[in-house]
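Chemist: Single-letter residue listing:
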Amino acid sequence: QSALTQPPSASGSPGQSVTISCTGTSSDVGGYNYVSWYQQHPGKAPKLMIYEVSKRPSGVPDRFSGSKSGNTASLTVSGLQAEDEGDYYCTSYAGSNSVLFGGGTKLTVL
Amino acid sequence: EVQLLESGGGLVQPGGSLRLSCVASGFTFSSYAMSWVRQTPGKGLEWVSGISSSGGSTYYADSVKGRFTISRDNSKNMLYLQLNSLRAEDTAVYSCVKDVRSSTSRGTFDIWGQGTMVTVSS
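In the order they appear, the protein sequences are chains V and P. Per this note's numbering, the first sequence starts with residue -4, numbered consecutively. Per this note's numbering, the second sequence starts with residue 3, numbered consecutively.
Pulled out of the complex, with its shape left as it was, chain V reads as follows (with noise of 0.2 Å):
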């Protein structure tokens, strides 16, 4: 079981809007509705911020969205704020009762 891919980095301006992608196979993110995204500042523990690709808990803004196509998944932050910077990991359940990271991307707003 290899780890999901993401780019290492991602940047945008306040304001704009960016998508971060999760790339695994049909064994895990292309066979199953259950990604969630994390976000993680330095020295703080990840906190969740998407779940079964789209959906998103309780309190988290809704500038913050998830969709997926086939073997990838992506997150999308729309109108950035300073805030949004940090480090974001992507997660799949990959059958046999395993999950698999991706190894993150860190988000830069310019």
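Please keep in mind that the hints were generated in silico from the structure rather than gathered at the bench. Computed from a predicted structure; not experimentally measured. Be a bit skeptical, because a hint or two may be false.
[As the list claims (entries may be wrong)] Once the Cα atoms are required to be at most 27 Å apart in a straight line, the calculated DSSO-like pairs of lysine-lysine come out as:
(1) P/LYS45 <-> V/LYS63
(2) V/LYS42 <-> V/LYS63
(3) P/LYS45 <-> V/LYS42
(4) V/LYS50 <-> V/LYS39
(5) V/LYS101 <-> P/LYS67
(6) V/LYS101 <-> P/LYS45
(7) P/LYS78 <-> P/LYS67
[Said to hold, decoys possible] Distance windows between CB atoms, simulated:
(8) P/GLN15 <-> V/ASN28: 42 to 52 Å
(9) P/GLY68 <-> V/SER8: 44 to 54 Å
(10) P/PRO16 <-> V/PRO56: 43 to 53 Å
(11) V/GLN11 <-> P/SER56: 22 to 32 Å
(12) P/SER65 <-> V/PRO2: 20 to 30 Å
(13) P/GLN5 <-> V/GLU78: 22 to 32 Å
(14) P/LEU13 <-> V/SER8: 29 to 39 Å
(15) P/GLY18 <-> V/SER53: 39 to 49 Å
(16) P/SER56 <-> V/THR103: 37 to 47 Å
(17) P/GLN15 <-> V/SER6: 38 to 48 Å
Ideal placement from N, C-alpha and C gives every residue a C-beta, glycine not left out.
On the provided structure of chain V, position chain P as indicated by the hints.
Modeler: What follows is chain P alone, placed relative to chain V:
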């Protein structure tokens, strides 16, 4: 306040063992599946092991299968991870995480502990 607090990390020689503990508070511990996730600067996050709410089902990443054992004591709100035959590549911060489901984890972790550092080195 919903909280997970890990302990038990430290420096251990290759081939050695450690037992990590995690105490949960602020939620009905016995109703949720739990997992351990580790994080290294170079390799990011990695799911290590999961356990169902009852403790009757356990799951492991291939990288730790046969070496690590997850368990829980619902009467004490405690989660454990026994680490045996440790290797240098097991060096990481190990965090206890709460799943939103009661049975098998699907990778939806809504509560995270701050983690405990495990260093494997001679």
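Chemist: Work down the list of hints and note, for each, if the structure agrees.
Modeler: Checked hints:
1. P/LYS45 <-> V/LYS63: Cα-Cα ~24 Å, so holds.
2. V/LYS42 <-> V/LYS63: holds (20 Å)
3. P/LYS45 <-> V/LYS42: Holds, at about 19 Å.
4. V/LYS50 <-> V/LYS39: holds (23 Å)
5. V/LYS101 <-> P/LYS67: violated (30 Å)
6. V/LYS101 <-> P/LYS45: holds (13 Å)
7. P/LYS78 <-> P/LYS67: Since the Cα atoms of P/LYS78 and P/LYS67 sit roughly 26 Å apart, the hinted pair holds (cutoff 27 Å).
8. P/GLN15 <-> V/ASN28: 42 to 52 Å: 44 Å Cβ-Cβ, so the 42 to 52 Å window holds.
9. P/GLY68 <-> V/SER8: 44 to 54 Å: holds (49 Å)
10. P/PRO16 <-> V/PRO56: 43 to 53 Å: This hint holds: roughly 45 Å between Cβ atoms.
11. V/GLN11 <-> P/SER56: 22 to 32 Å: For V/GLN11 and P/SER56 the Cβ distance comes to about 47 Å; the hint is violated.
12. P/SER65 <-> V/PRO2: 20 to 30 Å: holds (24 Å)
13. P/GLN5 <-> V/GLU78: 22 to 32 Å: At roughly 23 Å between Cβ atoms, V/GLU78 and P/GLN5 fall inside 22 to 32 Å, so the hint holds.
14. P/LEU13 <-> V/SER8: 29 to 39 Å: violated (44 Å)
15. P/GLY18 <-> V/SER53: 39 to 49 Å: About 43 Å separates the Cβ atoms of P/GLY18 and V/SER53, which means 39 to 49 Å holds.
16. P/SER56 <-> V/THR103: 37 to 47 Å: holds (44 Å)
17. P/GLN15 <-> V/SER6: 38 to 48 Å: Hint holds: Cβ distance 42 Å, inside 38 to 48 Å.
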